[in-house]
Amino acid sequence: MENLDVNRRMIQVHKDRVVVGFPQAQTKNARIDEKYDFDPRVRQSCASERASTVGLKICKMIIIGDMAVGKTCLVNRFCKKAFDRDYKATIGVDFEVERFEILNTPFTLQMWDTAGQERFQCIASAYYRGAQVVVIVFDVSEMRSLASAQSWLEAAQKENAGSQLLTFLVGTKKDLVTDAIYRDVEHEAIKVAKGLHAEYWGVSSKTGENVKELFTRIAALSFEGAVLRELEKRQFATPPKTIGSSSFRIGSTSTQASSKQKLACCKM
Amino acid sequence: METAENTDTKEVLSVLPWDQFSEWMHCVCVVTFDLELGQALEFIYPNHIELSESERSNICYLAFPDSNSGCMGDTQYCFRIRKGRSTRRKLTESDYLCSKDCPVTLLKDDTHYYGYVYFRQVRDKTLKRGYFQKSVVLLSSLPYFNFFKDIADIIAPEYFDNGEPCLEAACHDIDQWPSPVPGKPLTLPLMGMILHVRIPTKQDKPGRKLIEASDNVASLAPFTLSSINRIDLFESLQGVLPHIHLLWELVLLGEPLVVMAPSPTVCASTVLALVSSISPLRCYCDYRPFFTIHDSEFKEYTTKTQAPPRVILGVTNPFFAKTFQHWPHIVRIGDMGLGNSGGSNPSLLSNDSKLKKTSKLKALDSKTGVYTKYKPFLKKDKLFLKTFAKGLAGKRPGTAQSTLLERHFLELTQSFIIPLERYLASLMPLQKCISPLRAPPSLKPFRPEEFFQMVENNGPQLTSGTKGDWVGLYKRFIQSPNFEQWFLRRRSEIEAKIMSLHLVALSETDLESWCYEKSEVEIVDMVLRLRQKISMVTSHRLEVPAATLERLNNQITSITDSLPPDLRGILIKA
Numbered sequence: 001m002e003n004l005d006v007n008r009r010m011i012q013v014h015k016d017r018v019v020v021g022f023p024q025a026q027t028k029n030a031r032i033d034e035k036y037d038f039d040p041r042v043r044q045s046c047a048s049e050r051a052s053t054v055g056l057k058i059c060k061m062i063i064i065g066d067m068a069v070g071k072t073c074l075v076n077r078f079c080k081k082a083f084d085r086d087y088k089a090t091i092g093v094d095f096e097v098e099r100f101e102i103l104n105t106p107f108t109l110q111m112w113d114t115a116g117q118e119r120f121q122c123i124a125s126a127y128y129r130g131a132q133v134v135v136i137v138f139d140v141s142e143m144r145s146l147a148s149a150q151s152w153l154e155a156a157q158k159e160n161a162g163s164q165l166l167t168f169l170v171g172t173k174k175d176l177v178t179d180a181i182y183r184d185v186e187h188e189a190i191k192v193a194k195g196l197h198a199e200y201w202g203v204s205s206k207t208g209e210n211v212k213e214l215f216t217r218i219a220a221l222s223f224e225g226a227v228l229r230e231l232e233k234r235q236f237a238t239p240p241k242t243i244g245s246s247s248f249r250i251g252s253t254s255t256q257a258s259s260k261q262k263l264a265c266c267k268m
Numbered sequence: 001m002e003t004a005e006n007t008d009t010k011e012v013l014s015v016l017p018w019d020q021f022s023e024w025m026h027c028v029c030v031v032t033f034d035l036e037l038g039q040a041l042e043f044i045y046p047n048h049i050e051l052s053e054s055e056r057s058n059i060c061y062l063a064f065p066d067s068n069s070g071c072m073g074d075t076q077y078c079f080r081i082r083k084g085r086s087t088r089r090k091l092t093e094s095d096y097l098c099s100k101d102c103p104v105t106l107l108k109d110d111t112h113y114y115g116y117v118y119f120r121q122v123r124d125k126t127l128k129r130g131y132f133q134k135s136v137v138l139l140s141s142l143p144y145f146n147f148f149k150d151i152a153d154i155i156a157p158e159y160f161d162n163g164e165p166c167l168e169a170a171c172h173d174i175d176q177w178p179s180p181v182p183g184k185p186l187t188l189p190l191m192g193m194i195l196h197v198r199i200p201t202k203q204d205k206p207g208r209k210l211i212e213a214s215d216n217v218a219s220l221a222p223f224t225l226s227s228i229n230r231i232d233l234f235e236s237l238q239g240v241l242p243h244i245h246l247l248w249e250l251v252l253l254g255e256p257l258v259v260m261a262p263s264p265t266v267c268a269s270t271v272l273a274l275v276s277s278i279s280p281l282r283c284y285c286d287y288r289p290f291f292t293i294h295d296s297e298f299k300e301y302t303t304k305t306q307a308p309p310r311v312i313l314g315v316t317n318p319f320f321a322k323t324f325q326h327w328p329h330i331v332r333i334g335d336m337g338l339g340n341s342g343g344s345n346p347s348l349l350s351n352d353s354k355l356k357k358t359s360k361l362k363a364l365d366s367k368t369g370v371y372t373k374y375k376p377f378l379k380k381d382k383l384f385l386k387t388f389a390k391g392l393a394g395k396r397p398g399t400a401q402s403t404l405l406e407r408h409f410l411e412l413t414q415s416f417i418i419p420l421e422r423y424l425a426s427l428m429p430l431q432k433c434i435s436p437l438r439a440p441p442s443l444k445p446f447r448p449e450e451f452f453q454m455v456e457n458n459g460p461q462l463t464s465g466t467k468g469d470w471v472g473l474y475k476r477f478i479q480s481p482n483f484e485q486w487f488l489r490r491r492s493e494i495e496a497k498i499m500s501l502h503l504v505a506l507s508e509t510d511l512e513s514w515c516y517e518k519s520e521v522e523i524v525d526m527v528l529r530l531r532q533k534i535s536m537v538t539s540h541r542l543e544v545p546a547a548t549l550e551r552l553n554n555q556i557t558s559i560t561d562s563l564p565p566d567l568r569g570i571l572i573k574a
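Line order of the protein sequences matches chains S and F. When we follow the numbering used here, the leftmost residue of the first sequence carries the number 1, and every step to the right adds one. When we follow the numbering used here, the leftmost residue of the second sequence carries the number 1, and every step to the right adds one.
In isolation and in its complexed conformation, chain S is listed as follows (with noise of 0.2 Å):
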C-alpha cells in the first residue's frame, strides 16, 4: 500500500534512492549531530504531508576542494555509478541533479562540482552563492589537499553569510594507500573536521566504498535542514513557496541580483 503511493508520486527515483532509516556518520569522532534518527519533528511533518506533494524540498550542494582531488570522480561515482581513471579538468563547473526520496517525501540534490583550478577562483561568488551544503574533498595522499580545506571553507562562507552551512571533509583515493597511513591521514583529518565543523568521511571513487553512504547521509541530513528551515519560517511567515533559494525565474520581474546592478548602474 505504502509503495503504491511512493510510486504514484515519485516515479524517477530510483530504488537506491529512497531514504527510510536515518543515515549514520562515517566516525565518532567528527560528525555533524549526535543524533541517531531524524529529528522528531521531521518525521511527524513527513508523516504527515505524505499525501500532499507541496512543500518541495531542494537543497544546492557545492563541491569544492584542490585541483585533482578528485571531486568529478566522486559525483560520478554516486550518479553515474562510473569510475573513469583519466583526468579531465573541470571547465568552470559541472552539474548533476539528484533525486531522492526521504521519509516518503521527494528530495532534490543539486550537486555543483566546481573546478579545482585557480583560474576559475573569480566565478566561485556565482557558483557558491545559496548553497546550503558544503563538501569539501580533499586527496589522502597528498597532505597539502587537506591543509588547503580551510581556505576554501572560508570562501564558500563568504559568498552565503548568515546562513549556515552544512559542511562535510571528504578525503578521497582511500584505495591509493595502505591502512596504516590511512589511519594516520585520517587522524589528521579528523582534527580539521573538528575545527570546521564538519563531519569527516574517507572514501575512494575507484571502489566506490563508502560513495553510497556518504551521499545519502547528506542527502538526510540536508533535507532535515531543509523541512527544519520550512517549519520555522512557516510558524514566522506566510508558507515559503520554495526551499532552495537558488532557482531564478525568468520573464518575472527582475531578480534580486540584476535589481541590485541596476541599482548600482543608476548611481553611475
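Since the hints were derived computationally from the structure, they do not count as laboratory data.
Pairs of lysine-lysine residues, derived as DSS-like cross-links and limited to a Cα-Cα distance of at most 30 Å, are as follows:
#1 S/194 x S/212
#2 F/184 x S/81
#3 F/518 x F/432
#4 S/80 x F/184
#5 F/380 x F/467
#6 S/35 x S/191
#7 F/202 x F/108
#8 F/380 x F/202
#9 S/15 x F/184
Being a predicted model, the structure only gives us computed values, none of them experimental.
Given the coordinates of chain S, work out where chain F should sit on it, guided by the hints.
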C-alpha cells in the same frame, strides 16, 4: 578493474563537446573599443567557432551604440544579421524534435543570427580614453528575445567583474543544457542558478495558464509561455499608441518601415514589438532591430535607385533621417522620457493624432510619431482604444496594459488568419478522392478571386469588431512575402498530411488480390514503389501510425513471395 567502459558509452558517442551548446547558441563575442582600431573583436568563445569577415565586422559595429548616444552604464538590446555562408547541414533527430511542435515565430533561423548585446560604458580613469567600453554579445540562431536578454543579464556583468573564465564556465554550463524542445519543462543550470524554462508549442492555447502543478517542479515556476520571446508591447509602443492598427497593417503587409529612436534599446524593442504584433504569423521580411551605417547591407537597403526594400529597420544615428527621407513609412520615437511621454495621451482617440506627412520630416525633427501617407484598410478599433485609454488614465500597471495589447493583436491577427485557413481547408481533396492505387491527390490551387469572394460573405467581420476593407487588406497581403512563406509552409504541411492519409489507405488495400491479374513487371513496380513510400516516411518525417508501416512492410513481403523465386531473389537483393 573498472575503466571508462563503465561509463555510458552511448552518451559519450552521441554528444560531443559543444553539441549541446550549439543547440542554443553559436558563440559569445566580446567586443571592445580599441583606441587605434575602433571597435574590435577581442575574442570569441568557444574559440573554435569561425565567423566570416562580414559577420565579424557587423558584430563589431552592432555591438556598440551607433553615434554618440549617451548610453552610460549598462545597455541591453538585440540585433539581427545575415549568416555569412549557408550553414545548412543535415537535419538531426534533435533538430526535428525542436522544430516539430515549435511555433513558426520561435523556429531556429537558418539565414540569420540574433545578437543579444550587453554593453557597458563606465568612467574609468585608469584607461587612456577615460572610459571602459565593452560589449558581450550572445550570438544565436534562436529568436528567443527575452530569454537571451535575461541570459546576457546574468553572464555579462559576471564577465565584466571577473574576466574570461566566467564566459568559459557559462558556456560550459550551457553545453550541459538539454535541447530546446518545445513543450518540455527544461532545467537549465547557469552560473550557480537553475533556470526553469518551457518553450511554448504551437498547440498551446494563447493565454494558457503556464504554471502547471506538475509533479517535481511545482514550486519552481517554469518559464512562462510567451515570455521566451515576449516583448513588452506597451512599453515599446507607447509613443505610437494611436497608430498601432496602422503599424500592424504595415508589418502584416511587409511594408518598408524604419524606426528612428534615440537609443538602440528603444529602436530594437520597438522593431521587435512590431514584428511580434502579427504573431502567430511570422514576419518573413527581413527586420533589423538595430541597424547602423556600417552594416554590410547598408548600401543594399538604402539605395535610391530602387524602391525601398521590404524590411523593418531600427536606427539611432541622426544621419539616417536624411538617408531614409524617401521611405514611405517612418516611425519616430523622440526623446523618451520613458514612462511619461504617454502620460495623459489625449491623442489616443481624437483626430489630432493625425499622421504626419513624410515630406515634413526634417533631419532634426525628432517629434514622436508615425510619418506616412499610408491609408489603413481597417478602421481603428475604437472600443479597444477606449478600454485602453481608460487603463492609461486609471494608471493600470504597464504589464496589464501590455497583456491587453498583446491579446488585442492576437485576436486581430487570428481574425485575419481564420478565413485564410478556412479557404485552405476547402482546397483539400476529399477523403474519397484518396485512392490507394493512384497517386495522392494534390491541393487545389489557391485562387485569389475565389478567396476574396469567400471573404465578402464570410470574412473576419464575423469574428472581429474591427470594421473596414478587409478584402483590400487581403489583396495586398497576398502579394507580400509574409503570405507567400505562410502559404508554402501550410501547403507542405497539408501535403504531408495527404501523403500519410494515402499511405494509410494503401496499407489497408488488399494488394495480394490486386496482384492476381497483374504482370510481373507491374508487381515489381509496386514493390519498388511501396519501398520508396516507406523510405519517404523517414525522409519526410511523415506522421504515420506504426501499424500502417508494419502493414506496408508485410504487404511487400507477401507480394514478393508471390513472385517466382529467381525474381524474388533479385528483388530482395535490390
